[in-house]
Amino acid sequence: MRIIACLFIAFLSANASAAPHGDELYARHCSSCHGNDGKGGVGVPLALPSFLDSVSDEYLQKTIRQGRPGRIMPAFDVLSDAQLTAVVKHLRSWSDKPAPKEDNSVIKGNAKKGKVLFAKYCMQCHGEDGSGGKGTGVTFSRKRDLPIIAPALNNAGFLASATDVMLRDTITYGREGTPMTSMLVAGLTETDIDDIVSYIRSMEEAAERSKQALNGNGSDSPVIMVDSPYDLDETVANLKQAITDQNFTLIRTEYLEHGLVEEGKENKKQVALHFCNFGFLFKALSVDPRVGMFLPCRVTVIENDGKVQVSTINPKRLGKLFNNHELDEYCDEMYEVYSTLLEDATL
Amino acid sequence: MKAITRNILVLVLSSVATVLHAGDMLMVRTQQKFPEAMLTLQTSVKEHGYAITRVQRIDIGLTGMGYETDKYRVVFVGKPEEIQYLIGKYPVLAAYMPPQISIFAEEGDTVLVTANPIIYAEMITDESDRVIFQRWESDVYSVFDDIREADE
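Going down the list, the protein sequences come from chains A and B. Residue numbers for the first sequence follow my numbering, so the first one is 1 and each next one is one higher. Residue numbers for the second sequence follow my numbering, so the first one is 1 and each next one is one higher.
Careful: at least some of the hints might be erroneous.
As the list claims (entries may be wrong) - With a cut-off of at most 30 Å between alpha-carbon atoms, the simulated DSS-like pairs for lysine-lysine come out as follows:
id, chain 1, residue 1, chain 2, residue 2
1, B, Lys79, A, Lys268
2, A, Lys134, B, Lys33
3, A, Lys269, A, Lys316
4, B, Lys89, A, Lys316
5, B, Lys79, A, Lys316
6, A, Lys320, B, Lys71
What the hints assert, rightly or not - In silico negatives: residues of chain B with every beta carbon more than 12 Å from chain A:
id, residue
7, Lys33
8, Pro35
9, Leu39
10, Thr43
11, Ser44
12, Glu47
13, His48
14, Asp126
15, Glu127
16, Ser128
17, Arg130
18, Val131
19, Gln134
20, Asp139
No lab work stands behind these hints: they were computed from the structure. Backbone N, C-alpha and C fix where the C-beta goes; we use that ideal spot for every residue, glycine too.
Go ahead and model the full structure; you've got the sequences and the hints to work with.
Below you can see the structure in the form of C-alpha cells.
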C-alpha cells in the first residue's frame, strides 16, 4: 500500500513539474485547422511574420482562450495556463523577432468619423458591419494563392483580445503578405486611423449581444422525429416521393444495418434513405468543409411493435458544433427541408 | 485489492488517459496524401474493432454533377452489437448511427473530422450506457493518434 501511495505521489509530482510541450499541444489542438507548419487551412495562417511580429503574447493567449464565437475558432478553455504559454511559445518559434509588449493604452478617436472612413477604406474586405470575409478552408471556398480571409472585426473574441494600440498599428502599417495594406500609405492621417480604431471598438456592445445569442437557444432537440400513421413500406414510399418533390436526388435506400451484419440478415424494420441536392451541398461545403461529417442527407424509418417512427438529425442543433455563423442559413434551410419531408410523408 | 488501492490506480490511469480537446468536434491533420491517409484510417478503425459499413464518395457525386472539388469521402463505422443495442433501446439515436468520419484533402495534407461521440450521450436515459460513448470517444482519439503518428 505504501509503495503504491509513493508511486502515486511521484506520478503527480512528475506531472506537475513537467513542462508542457508546445509543439505537441499545437499538433493535437491547432494543426488540424492551422496546418502543421502554421500556413493555414480551415483556419487562418499563423506563421506569417507580419502577423506574429505585430501581436503580443497576451493577444495570442486571449485568442486561444476565448476563441472567435461564430467564426470557427473554438474557445480552448480546457488548456491550463502553462499549456497556453507553451503553445504561444511554439507559435513564436516561427519568427526571429521578439514578441511586442502589450500596450493597453486607450485610443480616443471620433467613432462617427471613423465609421465613414471604415466604409470607404475597410468595408470592402471586412464587410459593412465588420463581420469579415466569407468562407473558410482552402478546399472549396478559397483560392490556394490567397493567404488569408479578412477577419471579423466585430467579433467579441477578437475585440476582447486586440488592444487599441494593436488595431492602430495594424491599420497604420498593414500586414505584409496579406491583402491588408498600410492605411498611412493609402493616405489616411494618424487622427483618421484613431477614429477608425474608435469605430471598431464601438462594435463591442453588438459583438457581446451576438455572442450571447450564439450561446443561447441550446434547447433544440438533437433530432427531428415524428410518428407515421402508415406502415413501414408505405412510409418509405411516401418519403421517396417527398424527397423528389423537394428537388433532392435519392442516392439509395438501404437497411440501417447495411455493412454491419451479413447481407440478408439485416433488421428489415430499420431503413435509411440517403439523398442529396448537389448544388446545395457544394454551397454548404464552400462555407465550411467540415459539414461532411453529417452527409449525405438521410432519413431513418424504424418500426417497433407496429409503431413507425421517422427521424433525421436536427441541422439547427448540429450547426452549433461548427461555431460558424455562416452555416446558420444552410442549417435553417435544411431544417425546413427535413421538417417538410417528414410532414409530407406522414400526413 | 483494497478499495483505496483500486481507487488510486483508477485515478492514475485516468490521469494518463486524459486527452484535452476544445469542444464537441474532433479533428486531425496528416501530411499523408489522401489515399495513404484513407488507408491509415481504415486500418486503424479495423484494429480498434470497428467495421466500416460504407465509404460515401462525396467528391464523385459532386464532380459528376459538374462541381469542382478535391477528394472528399465520408466513412461510416461501428460495432454491430453496439449499434443494434443502442438503436433498439434508443430509436432516437438512429439518425446518428452508425457514426461517421469525414476525410478530405486540403492541398497536400488530409484532414479528418468527426463529431465527438460523447455528444450522443445526451440522447440516452440510462446513464450506465454512457460508457459506450466514452469508449468510442477514446477510440476516436486513439485512431486520430495513429493517423498523426503516421507522419513521424
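Now for the hints, and whether the structure bears them out:
1. Lys79/B - Lys268/A: 18 Å, holds
2. Lys134/A - Lys33/B: 27 Å, holds
3. Lys269/A - Lys316/A: Holds - the C-alpha atoms of Lys316/A and Lys269/A are around 28 Å apart, at most 30 Å.
4. Lys89/B - Lys316/A: The hint holds at about 25 Å.
5. Lys79/B - Lys316/A: Distance of about 28 Å is within 30 Å: holds.
6. Lys320/A - Lys71/B: 25 Å, holds
7. Lys33: 14 Å, holds
8. Pro35: 16 Å, holds
9. Leu39: 18 Å, holds
10. Thr43: The claim stands: Thr43/B keeps its Cβ more than 12 Å from every Cβ of chain A (closest is about 17 Å).
11. Ser44: Given that every Cβ of chain A is farther than 12 Å from that of Ser44/B, nearest at about 16 Å, it holds.
12. Glu47: 18 Å, holds
13. His48: Non-interface label stands for His48/B: nearest chain A Cβ at 15 Å, farther than 12 Å.
14. Asp126: 17 Å, holds
15. Glu127: 17 Å, holds
16. Ser128: Given that every Cβ of chain A is farther than 12 Å from that of Ser128/B, nearest at about 20 Å, it holds.
17. Arg130: 15 Å, holds
18. Val131: Its Cβ never comes within 12 Å of chain A, the nearest being 20 Å, so this holds.
19. Gln134: 16 Å, holds
20. Asp139: 16 Å, holds
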